[in-house]
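Asks: One letter stands for each residue in the lines below.
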Amino acid sequence: MPKLSDTQTVGTLISWLKKTGEKVEKGEIIAEVETDKATMELESFVAGVLITQYVNEGDEVEIGAPICAIGKTGEKPRSPDKRSPLRNVEPDPGFLTGSRQDTEAPISIDVTPTPLAEKSVPGDRIKASPLARKIATEEGIPLETISGTGPDGRVVKADVIAAMEKGTTESRLSITPPKKSSAGIPIADETSVPVSNMREIIAKRLLESKKTIPHYYLDIEINATPLLEVRASLNKSLNDLPPDRGGIKLTINDFFLKACAKAMHQVPAVNVSWMGKSIQQHSGVHIAVAIAVEDGLVTPVVRDVHLKSLSEISTEVKTLAVKAKNKKLSPNELTGSTITTTNLGMFGISSFHAIINPPNSAILSVGAIVKKPIVDDDDNIIVGQCMTVGFSGDHRSVDGALGAEYLSALKAILETPALMLI
Amino acid sequence: MPVIYYRDALNAALDEEMIRDDRVFIMGEEVAEYNGAYKVTKGLLDKFGSQRMLDTPISESAFSGLGIGASMMGLRPVIEFMFWSFTYVAFDQIFNNAANIRYMSGGLVNVPIVIRGPANGGTGVGATHSHTPENYAASTPGIKVVCPVTPYDAKGLLKTAIRDNDPVCVMENTLLYGMTGEVPDEEYLIPLGKADIKKEGLDITFIAHGRAVLTCLKAAEILEAEYEIDAEVVDLRSLRPLDEETICDSVKKTNRVVLVEENKPYCGTDAQIAYIIQDKAFDYLDAPIKRISAVDAPQIYSPVLEKEQIPYPQRVVQTALSIL
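Here the protein sequences line up with chains A and B, keeping their order.
At position 257 of the first sequence the residue is numbered 241 (our numbering), and the sequence of numbers has no breaks.
At position 290 of the second sequence the residue is numbered 276 (our numbering), and the sequence of numbers has no breaks.
Derived by calculation from the structure, the hints in this document are not laboratory data.
Honestly, I wouldn't trust all of these hints.
A short, non-exhaustive set of chain B residues, derived as facing chain A with CB atoms under 10 angstroms [said to hold, decoys possible]:
{"hint": "1", "residue": "Ala(-2)"}
{"hint": "2", "residue": "Asp1"}
{"hint": "3", "residue": "Asn241"}
{"hint": "4", "residue": "Ala257"}
{"hint": "5", "residue": "Tyr261"}
{"hint": "6", "residue": "Tyr270"}
{"hint": "7", "residue": "Pro274"}
{"hint": "8", "residue": "Gln304"}
{"hint": "9", "residue": "Ser308"}
{"hint": "10", "residue": "Ile309"}
All C-beta atoms, glycine included, are put in the ideal place defined by N, C-alpha and C.
Given only the sequences and the hints, what does the whole structure look like? Please build it.
Replies: Below is the structure:
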C-alpha cells in the first residue's frame, strides 16, 4: 500500500481492477484506494502477472503492507511480510452507540495522541532523520504528530521514542457505554459504524486544532443589499451568454472569496501561520473552501485568489466542488491554504463560529442573508438584507484587534462591492 | 609489554622481514649510510650490508621504477620516500605501472613492492613538502593503502605490507615517529582492510585514519569529561581495502558520525566513506554525516595558521555537539 496522500496512514482497498492471473503493465491501474482524503487510482510499479491478492475489497491496509504479488506466471507468491500486518475493518467496540450491552464494565480504548506538531506544516516536508523516519514508520506513529527537538527542529530518534512512551501512558481513557433503549420504537437501529478514513482525519485534525490553538471569536454584520444588487445585475448580463463568451452564474460565495482576498491586501498580517518559533507571513492568499460531502467534509484550496477575477474564482470553486463530490480531488488540491471559509447559510444558520484549519490563523464562517429591520443613513427603519460573518482567530499569531481590523476591511468591501473592481 | 617509539616499531618490522625473507631489500635517499632521513632504517646497513640497503641518487622516478622492475623479477623491495610529497615525480611509476602490471599481464606478473614514508602536514615545511596523498593512492585500483597511527599498528601493518603480493603504500607521519606505544616482543601481523576500534562508545562515532585518530581520542576525552558524551573512535588503519563492515556497524550502533582526516576535503577519502555510510546505513542515521578535514588551501607555511588548518580536538568536539 503506497502512501498516496501526505497524511495517510492506512488505505482502504475499494475495488480491484485486475484479477488474479491477469497480465499487468507497468503504470497500469490495478485498484482503487480510498485514502483519508480521496479515492485514488493505484498504478502498478512493475509489469508481470498478478499472482495473488493479499487483501479483499473493503479491507483497510496499513501503508507499506503488501496488497498483492506481481510476478511471472506459475511463480509462487511469498507470504506477506510479518512486519506489516494486514488489518480487516472490524466494527469498533461501539462505546459511543452502546452496542456492547453484554458488558457493563467500563471499557478501555487506545487513543492515539494527536498533539499538534508546532514545527510541522502540511504541505511542507517534515524534517526527520532517516532513523527517526524508520522507527516512526515501524511503530505507526505519524511524523507530523511528533515535535522535533534536533537541529532545525528535526525529528530525531529520541523524539519518536518519547512520543511512543507518551502514547502508551497518556492515551488510555475509560468510557462507560450508554444503555440501550429499553422499550418502544427506536429512532434508528442500534449499530456500530466503522470510522472511515475521512472521519478519522476530521476527528484528528479538529481535535488537534481545538486542543492546541487558543481560539477567539468575532462577529460582524454586513449589509448585503448592495452585494445582492451587483450580483443580480451581473448575473442578468452574463447568465444567458455561452460559457466561451463569458457566460457565468456568480454566487454570493464567489464574491465573498474575492472580498476575503481583497481585505487581505489591507490587513496581510492575518494571512499568516503560527510556526512555533516564528510566524510565517504568506505572500499569496490561498483560500480553503469547506465543502460537505457524503460522509464528511473536504477543504479544497483555491490558490492565489488575490490574483484571480470573480469569474475565475467562480469556475474554479465549481470544478473543485464537483471533484469533491466524486472524491477525485488530488492531494495537491487539498493542501497549502492560508485561510479557510465555511458557509452554513443554506441551512438558515444566521451566525456561527468554526474551528481553525491549521496551519491557518483564521477561519471565516458565513451565515445566511436574512431580512432585518435596519436603520439607514437618514435614520429611517428599513428592511435590510443582513449577513453575519464570523471570524475564529488563533490568538498566538493574530490578536483580536488585528482580527477586528480585518473583519472591518472585509465589511467595507462587501458593502461597497465596487471596491472589488480595483 | 615493551613501550617503543613508532620509528623503532617500523625498524623492527623491516628488520624481522629482512631476516625472514632474503628477497626483501630497502632502497631510497639516505636510507643506508645516514640511517634514513628520520632514522627509521637505523642499523640495518650494518646488519644486512650494502647489497640489501641501497642509497639512491635524488631521482624518485628512477629508483621507484628500479624497484618495480625488481619486484616483477621476484624481489620484494621496500622503497623509502623522504616525503610522500616526492612521489609526485614518480607518479607514472607508482600509479600507472605498479598499479596496473598485474592486471595488464593477465595475473602473470605481481608487483610485491612497498612504498613508504611520511605523508603529513603540521611541521611547517611548506606546501610542497606537506602533502597527504592517501586519497590519490586509494583511488587507484591495484594499489593498497595503510595509514598506521600507533607503533603497534605501524609494525603489524608494515610486516603485512611487505608480505603482500601487490603494491602497498604505507603512509607514516613525521609527528608520530617520536611517539611511543606498547609493542609485544612476539611476532604478529595486522591484516590489511581491518579497522580497529580505538575507543568504544555509544553516542557518536568518529572515523579517522593516521594522526587524526589521536585528535579524535582527545576529542572523545573532552566530550566524556565535559559533556558526558560517550564517543566511539574507529581507526580505519587501511584505506584500501576498506573495512566497510566496522564502519557501518559502528554507525548502526551510535546513529551519528563525524569523519575526521588531515587530508584536504575536496574528493578526499572521507567523501567516499560518507557515501558508503549513507548508502549502506541510511536508515540508521539520526543526524547528517559530518566531516572535518584540513582547511581547503595549499598547506600553510605560517605555523600559527597551519595549526588552525589541520583538525584539532576542539573542532571535533564542536562539530560533534552540533549534531548531538
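Asks: Next step is simple, just say for each hint if it's right about the structure.
Replies: Hint check:
1. About 45 angstroms separates the beta-carbon of Ala(-2)/B from the nearest beta-carbon of chain A, more than 10 angstroms, and the hint is not met.
2. The restraint placing Asp1/B at the interface with chain A is violated, with a minimum CB-CB distance near 49 angstroms, outside the 10 angstroms limit.
3. Satisfaction of the interface hint for Asn241/B is found here, the shortest Cβ-Cβ separation to chain A being roughly 5 angstroms, below the 10 angstroms cut-off.
4. The beta carbon of Ala257/B is not positioned within 10 angstroms of any beta carbon in chain A (closest approach about 19 angstroms), and the interface hint is therefore violated.
5. For Tyr261/B, the interface hint is violated, the least distance from its beta-carbon to any beta-carbon of chain A being 15 angstroms, above 10 angstroms.
6. Annotation: Tyr270/B was flagged as interfacial toward chain A, and the flag holds, the nearest CB pair being 6 angstroms apart, inside 10 angstroms.
7. Checking Pro274/B against chain A: minimum C-beta separation of about 8 angstroms stays under 10 angstroms; hint holds.
8. For the restraint placing Gln304/B at the interface with chain A, the shortest Cβ-Cβ distance is roughly 13 angstroms, beyond the 10 angstroms limit, so the hint is violated.
9. Residue-level restraint check for Ser308/B holds (minimum Cβ-Cβ distance to chain A is 7 angstroms; threshold 10 angstroms).
10. Nearest Cβ of chain A to the Cβ of Ile309/B: about 7 angstroms, under the 10 angstroms cut. The hint holds.
Consistency note: the structure conflicts with the earlier hints numbered 1, 2, 4, 5, 8.
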